[in-house]
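Use the sequences and the hints to build the structure in full.
2 protein chains.
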Amino acid sequence: MEKKAVILLSGGLDSTTVLAIAKSEGYILHCLTFRYQQRHVREVEAALQIAKLYGAQKHNIIDIDLAQFGGSALTDQISVPKGRRLEEMEAAIPVTYVPARNTIFLAYALAWAEVLEAPEIFIGVNAVDYSGYPDCRPEYIKAFEAVANLALKKAVEGTMQITVRAPLLHLTKSEIIKYGVSLNVDYRLTHSCYDPLPDGHSCGSCDSCLLRKKGFQEAGFPDPGESEN
Amino acid sequence: MEKKAVILLSGGLDSTTVLAIAKSEGYILHCLTFRYQQRHVREVEAALQIAKLYGAQKHNIIDIDLAQFGGSALTDQISVPKGRRLEEMEAAIPVTYVPARNTIFLAYALAWAEVLEAPEIFIGVNAVDYSGYPDCRPEYIKAFEAVANLALKKAVEGTMQITVRAPLLHLTKSEIIKYGVSLNVDYRLTHSCYDPLPDGHSCGSCDSCLLRKKGFQEAGFPDPGESEN
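Protein sequences, first through last, are from chains A and B.
My numbering numbers the first residue of the first sequence as 3 and each following residue consecutively.
My numbering numbers the first residue of the second sequence as 3 and each following residue consecutively.
The reader is advised that the hints may include incorrect statements.
Straight-line C-alpha distance at most 30 Å; calculated DSS-like pairs for lysine-lysine [stated by the list, open to error]:
no.	chain 1	residue 1	chain 2	residue 2
1	A	Lys-180	A	Lys-60
2	B	Lys-60	B	Lys-216
3	A	Lys-6	A	Lys-144
4	A	Lys-25	A	Lys-215
5	A	Lys-156	B	Lys-84
6	B	Lys-156	A	Lys-144
7	B	Lys-156	A	Lys-84
8	A	Lys-215	A	Lys-5
9	A	Lys-156	B	Lys-144
10	A	Lys-144	B	Lys-84
11	B	Lys-180	B	Lys-5
By construction, these hints were calculated from the structure, which means they are not laboratory data.
This is the structure in structure tokens:
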């Protein structure tokens with residue numbers, strides 16, 4: 003029996019690990035990536051390469067214009083913070099927060115899932131080892147799943163129930179990396195930096211670079227990716 | 003004290019009535035309209051004119067590409083049903099259903115609401131007098147509101163709670179029209195047809211035209227709009 007899944011794939015470390023997990027469980031993979039005027043367009047290029055490598059049945063790239071709403075370091079001209087200690091990161095929801103981002107991503111995933119008759123949506127959110135984003139918490143995921151099953155025709159008619167799978171939800175960054183390594187994820191392909199240098203290399207000092215660095219150190223693996231540069 | 007609201011405005015009869023309600027309550031109006039490869043692009047033109055008439059502070063038009071997912075008469079090449087009796091319409095969720103449409107619309111509204119610090123989102127959904135759409139039901143709206151208040155930074159920080167206002171939820175079409183007429187809504191500007199003729203006029207026989215016709219008849223007003231054509 004063919005099992006289909008929609009995988010939200012940013013091209014970063016977490017979503018690539020999630021893709022590998024879905025692959026290891028035998029799903030027919032349908033990858034969904036968003037271009038939202040974020041500064042790190044390199045992530046989208048990474049996503050394209052990764053989806054291809056994993057033999058995705060289809061990969062949709064959706065353009066969404068969050069910039070016209072403003073309000074985030076990833077879409078506006080606000081500076082991405084650099085060189086912060088973990089305690090600083092944990093003190094508040096960071097300026098890199100994008101309003102309603104995961105809700106928009108999951109809403110699109112839901113539309114595609116219904117058309118495909120894919121009952122599983124995979125998302126690489128993570129609530130431990132620092133994550134200040136409210137839409138990465140288990141209670142948020144659970145609430146969205148409830149919306150999904152009230153919104154969709156096929157759910158209401160009883161032919162399909164949506165499950166939002168967030169297999170990294172309770173893992174630390176180093177646990178995620180160990181999990182991925184056990185599935186032979188090639189982290190060289192993944193891109194994490196919030197604010198890459200003009201030559202495309204990672205800055206090495208934004209929250210995302212620092213957390214990645216810490217994750218690899220704790221996992222006991224060298225980072226094969228560019229965050230080492 | 004300035005009260006801001008985001009209003010989902012399609013340019014149809016229902017959302018225009020909702021805009022008039024928000025205006026009558028003194029909100030600073032921020033209108034949000036989607037272009038989604040639907041056949042009735044005329045609705046978008048109507049929305050532009052209506053938002054201007056109501057003095058909206060801002061009107062954002064968002065392009066979303068639902069067509070690449072397929073699966074709906076409004077975005078695909080499936081035929082829009084014509085000349086159906088009310089019992090036929092009520093028998094099942096119609097083919098004009100668009101997967102996850104209101105979830106996508108509300109997700110964008112949520113992003114804008116947070117940036118604007120607008121705690122109210124108005125949507126013209128309606129659960130009586132025929133509505134087969136699952137994402138127009140009160141339980142859906144309530145579940146989405148729960149998601150909203152778990153997703154947003156400002157909600158989690160306690161500085162803003164989102165309310166999804168659906169003032170037409172429990173009204174019949176004729177009650178909506180009477181309400182709108184009492185607020186001097188000019189229904190001539192609104193557009194309802196799912197499948198307009200090549201000359202832009204309403205077809206007069208799709209579900210939406212027929213329900214509009216029935217609504218005006220029951221309200222005891224002539225329809226000043228093109229559905230009369």
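* When you check the alpha-carbon spacing of Lys-156 of chain A and Lys-84 of chain B, does it fall within 30 Å? -> Distance ~23 Å between Lys-156 of chain A and Lys-84 of chain B Cα, so the pair holds.
* To do: Verify the proposed pairing of Lys-156 of chain A with Lys-144 of chain B, using a straight-line Cα cut of 30 Å.
  => Holds, at roughly 20 Å.
* Asked: Keeping to a limit of 30 Å between CA atoms, is the pair of Lys-6 of chain A and Lys-144 of chain A held or broken?
  -> holds, 21 Å
* Asked: Would the pair Lys-156 of chain B and Lys-84 of chain A pass a check requiring their Cα atoms to be no farther apart than 30 Å?
  -> Cα-Cα ~23 Å, so holds.
* Is the Cα-Cα distance between Lys-156 of chain B and Lys-144 of chain A 30 Å or less? -> Measuring from Cα to Cα gives roughly 20 Å; hence the hint holds.
* To do: Sort out whether Lys-5 of chain B lies within 30 Å of Lys-180 of chain B, counting only the CA atoms.
  => Between Lys-180 of chain B and Lys-5 of chain B the Cα gap is close to 26 Å, so the pair holds against 30 Å.
* Satisfaction of hint between Lys-215 of chain A and Lys-25 of chain A, Cα-Cα up to 30 Å -> holds, 26 Å
* Asked: Going straight from one Cα to the other, do Lys-215 of chain A and Lys-5 of chain A come out at no more than 30 Å?
  -> Measuring from Cα to Cα gives roughly 35 Å; hence the hint is violated.
* To do: Measure nothing beyond the straight line between the CA atoms of Lys-180 of chain A and Lys-60 of chain A; if it is 30 Å or shorter, mark the hint as holding.
  => Within the cut-off at roughly 28 Å; holds.
* **Proposed proximity, Lys-216 of chain B with Lys-60 of chain B (alpha carbon, max 30 Å)** => Answer violated: Lys-60 of chain B to Lys-216 of chain B is near 33 Å, above 30 Å.
* Restraint status (C-alpha distance of Lys-144 of chain A to Lys-84 of chain B at most 30 Å) -> Given that 30 Å is the threshold and the Cα spacing comes to 39 Å, the pair is violated.
Comparing the model with each earlier hint shows violations of hints 2, 8, 10; every other hint is respected.
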